[in-house]
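2 protein chains.
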Amino acid sequence: MKEFYMQLALNEAWKYQFLTYPNPAVGCVILDKNEKILAIKAHEKAGLAHAELNAISYAFKKLKPEISLPKEANALHDFICKNHQNMFKGAIAFVTLEPCSHQGKTPPCAKLFSELGFKKIFISVKDENDIAKGGGDFLRKHGIEVEFGILEKEGKDLLKPFLKWQKGQFKLFKLAISMSGSPLGKIVSNELSRTYAHKIRSVIDLLVVGGETIRIDKPTLDARLCQGKAPDLCILSRNKLESFDQNIPLFKIPNRNIYTEIPEKAKFIMYEGGENFLKNFKNEMDLFLIFQSSILNNKKNVTIPLNLKPLYKNFLGSDTYGIYESE
Amino acid sequence: MKEFYMQLALNEAWKYQFLTYPNPAVGCVILDKNEKILAIKAHEKAGLAHAELNAISYAFKKLKPEISLPKEANALHDFICKNHQNMFKGAIAFVTLEPCSHQGKTPPCAKLFSELGFKKIFISVKDENDIAKGGGDFLRKHGIEVEFGILEKEGKDLLKPFLKWQKGQFKLFKLAISMSGSPLGKIVSNELSRTYAHKIRSVIDLLVVGGETIRIDKPTLDARLCQGKAPDLCILSRNKLESFDQNIPLFKIPNRNIYTEIPEKAKFIMYEGGENFLKNFKNEMDLFLIFQSSILNNKKNVTIPLNLKPLYKNFLGSDTYGIYESE
Ligand SMILES: [Zn+2]
Ligand SMILES: [Zn+2]
Chain A
1467 MKEFYMQLAL
1477 NEAWKYQFLT
1487 YPNPAVGCVI
1497 LDKNEKILAI
1507 KAHEKAGLAH
1517 AELNAISYAF
1527 KKLKPEISLP
1537 KEANALHDFI
1547 CKNHQNMFKG
1557 AIAFVTLEPC
1567 SHQGKTPPCA
1577 KLFSELGFKK
1587 IFISVKDEND
1597 IAKGGGDFLR
1607 KHGIEVEFGI
1617 LEKEGKDLLK
1627 PFLKWQKGQF
1637 KLFKLAISMS
1647 GSPLGKIVSN
1657 ELSRTYAHKI
1667 RSVIDLLVVG
1677 GETIRIDKPT
1687 LDARLCQGKA
1697 PDLCILSRNK
1707 LESFDQNIPL
1717 FKIPNRNIYT
1727 EIPEKAKFIM
1737 YEGGENFLKN
1747 FKNEMDLFLI
1757 FQSSILNNKK
1767 NVTIPLNLKP
1777 LYKNFLGSDT
1787 YGIYESE
Chain B
1467 MKEFYMQLAL
1477 NEAWKYQFLT
1487 YPNPAVGCVI
1497 LDKNEKILAI
1507 KAHEKAGLAH
1517 AELNAISYAF
1527 KKLKPEISLP
1537 KEANALHDFI
1547 CKNHQNMFKG
1557 AIAFVTLEPC
1567 SHQGKTPPCA
1577 KLFSELGFKK
1587 IFISVKDEND
1597 IAKGGGDFLR
1607 KHGIEVEFGI
1617 LEKEGKDLLK
1627 PFLKWQKGQF
1637 KLFKLAISMS
1647 GSPLGKIVSN
1657 ELSRTYAHKI
1667 RSVIDLLVVG
1677 GETIRIDKPT
1687 LDARLCQGKA
1697 PDLCILSRNK
1707 LESFDQNIPL
1717 FKIPNRNIYT
1727 EIPEKAKFIM
1737 YEGGENFLKN
1747 FKNEMDLFLI
1757 FQSSILNNKK
1767 NVTIPLNLKP
1777 LYKNFLGSDT
1787 YGIYESE
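Chains as they are written, first to last, in our numbering: chain A, 1467 to 1793; chain B, 1467 to 1793.
None of these hints come from the bench; they were simulated from the model.
Model, not experiment: these values are computed from the prediction.
Mixed in with the good hints there might be a few duds.
Note that the list lumps identical chains together, so a pair holds whenever it fits in one copy or between two copies.
Unchecked claim - With a straight-line cut-off of 30 Å between C-alpha atoms, the simulated DSBU-like cross-links for lysine-lysine are:
1) K1619 to K1528
2) K1765 to K1468
3) K1555 to K1733
4) K1765 to K1571
5) K1695 to K1530
6) K1766 to K1779
7) K1502 to K1607
8) K1555 to K1586
9) K1528 to K1502
10) K1633 to K1571
11) K1530 to K1779
12) K1468 to K1599
13) K1731 to K1511
14) K1718 to K1626
15) K1481 to K1619
16) K1530 to K1502
17) K1733 to K1718
18) K1555 to K1511
19) K1481 to K1530
So that you can see chain A by itself, here it is in the shape it has in the complex (with noise of 0.2 Å):
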């Protein structure tokens, strides 16, 4: 069954992958002393509470639901080192990172696991982060056994925008087309798909787009389904900024930055656009991000040869979506 709890752990940690930026997207469950699931929680978002302390919370709640929690990672951490009344006393957690052993923003999550007196740690991939590990070697220390490598192929996959905007840059397309492979134009995927992507543009440092889809489409491109921050913009085109319609209302959002070629310090950028745009710039990409509704049209479909492995694949209401690398 580890291998069970660690795909839960895996499932929950994607459906936040690229919001966690720049941190990793992680996922944790935790099972009581008797083995009932107690939380399949996950990081969502850099400066919120780690998968860890996210699913040990929920399941405190879940266990004393009369007691109110503070809200704020590191006074919810040291909370529950003060209340826990020995509720996960033998209790069983898998990450799918190793849990880390450092102050950042929050305290470590090694040291929770053992105040709270956990006995097993399942973990799916080591943590060779100079900063960050040392979280096994940490738990083994305190008495708590530690055992590596559960589904370890699919928690590197979950590892690999991280791990790309951490050395660099990360570069995702993105793309949405029906069931029969045909761009739609502007709106193609459902609400859920849409709101997803614009929290991708809420945390990325630079979207960037061709001149084609700003005069054919005339877009916002924000982030106003999750009222996040609107991204800064790139718009690579042979026309000159100026040349825009200035009307088009991606130009009327307030204190956007739009570059004509991306600038070095961005290191999270999604390429938003359809079959030119791809075909462009499909060999400099890192992961491609693809929308499909399940409508079978008749408009003619993006003919890209473009051999893709899929990393993870969901849906979102009646559309599918996948992160996939090129092969």
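Fit chain B with the ligands to the given chain A structure using the hints.
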């Protein structure tokens, strides 16, 4: 969490969708008295154990690996009733369909739950079948808590093929396309997808294909990937059967009936074909089974307007497949 466990039961049942013909697809999750997951199982094939017995025997083996169990469903049922040593006392089950209360090819599942001392049974959909219904009442009479309606809509979706073939005819269209919507000819999908399709072929009453497919692909249309029985065929073509090259492998299958119109006795009928076949028959289909690879290519797509609503989607290796209704 009850929806979470029911979803696990539903997911497991969908893996065997169509393969249980003429029985319904049913899934069952068993938790012990401490709510630890003991089994996630489904009914896999007519004649084999019902989902409930399959899950209970899986859990039995896990708890008592030293005891070897009989294989045949009736013997298995009896053996477990005699040797359970109260290991299921206080256990909980999640079943996607009300447990049967009648002696069919196998003994009633409701009786099994009560003999083993289960505490509570969660059920998605009430069984309206005159022969099998009444399991919930039976359980309550024997002091077991019963709760109906957990993920009922999803449970009803799972039963749609069964309700069709039970009342008359069920027609399924199988299509395999690339991610960019083009039918790739004979082999489009990967081995896992084709094995699932072959398993379906091995249980259906009739496979319907067009003359075009036969002339171009020269197929065998058997169920070799699952070592199953090759289905009877109906060839819909303007040309007479005698006009086809009789060396095409499909004509070499021993004991295969080949029709030129659909015999009335056929209740589960699968149509396989490409764009033209889909265009001609889409309006008379009950459901669509669509395999989609993870490849964008430069071939023309299927251009048939068809709004589909997914009942279920999953992955088989790098392929996606979905079971859809037309809207
Ligand atoms: Zn941490
Ligand atoms: Zn039964």
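Handout entry: K1633 and K1571: within-copy, between-copy, both or neither at 30 Å Cα
Key = Answer is within; shortest intra-copy Cα gap is 20 Å, inter-copy 62 Å.
Practice task
Indicate which option fits the pair K1530, K1502 if close means a Cα-Cα distance not exceeding 30 Å: within, between, both or neither.
Solution key: Close inside one copy (16 Å) and across copies (20 Å); limit 30 Å.
Practice task
Indicate which option fits the pair K1481, K1530 if close means a Cα-Cα distance not exceeding 30 Å: within, between, both or neither.
Solution key: Within. Shortest intra-copy distance 27 Å satisfies the 30 Å Cα cut-off; inter-copy 37 Å does not.
Exercise for the section: State whether the alpha carbon distance between K1765 and K1468 is at most 30 Å within one copy, between copies, both, or neither. Expected result: neither (46 Å within a copy, 43 Å between copies)
Practice task
Indicate which option fits the pair K1695, K1530 if close means a Cα-Cα distance not exceeding 30 Å: within, between, both or neither.
Solution key: neither (36 Å within a copy, 57 Å between copies)
Handout entry: Status of K1511 relative to K1731 across identical chains (alpha carbons, at most 30 Å)
Key = Within. Shortest intra-copy distance 21 Å satisfies the 30 Å Cα cut-off; inter-copy 58 Å does not.
Problem - Alpha-carbon proximity between K1528 and K1502, which holds within one copy, between copies, both or neither at 30 Å - result: both (12 Å within a copy, 16 Å between copies)
Problem - Within, between, both or neither, where K1481 and K1619 count as close if Cα-Cα is 30 Å or less - result: both (18 Å within a copy, 24 Å between copies)
Problem - Homo-oligomer pair classification [K1779, K1530; C-alpha up to 30 Å] - result: neither (35 Å within a copy, 37 Å between copies)
Handout entry: Alpha-carbon proximity context of K1765 and K1571, limit 30 Å
Key = neither (50 Å within a copy, 51 Å between copies)
Problem - Alpha-carbon proximity between K1619 and K1528, which holds within one copy, between copies, both or neither at 30 Å - result: Classified as between: cross-chain Cα gap 27 Å, same-chain 32 Å, threshold 30 Å.
Exercise for the section: Evaluate K1718 and K1626 at a C-alpha cut-off of 30 Å and name the case that applies: within, between, both or neither. Expected result: Cα proximity of K1718 and K1626: none, with 35 Å in one copy and 50 Å across.
Checked against the numbered hints listed earlier, the structure breaks hints 2, 3, 4, 5, 11 and 14; every other hint is satisfied.
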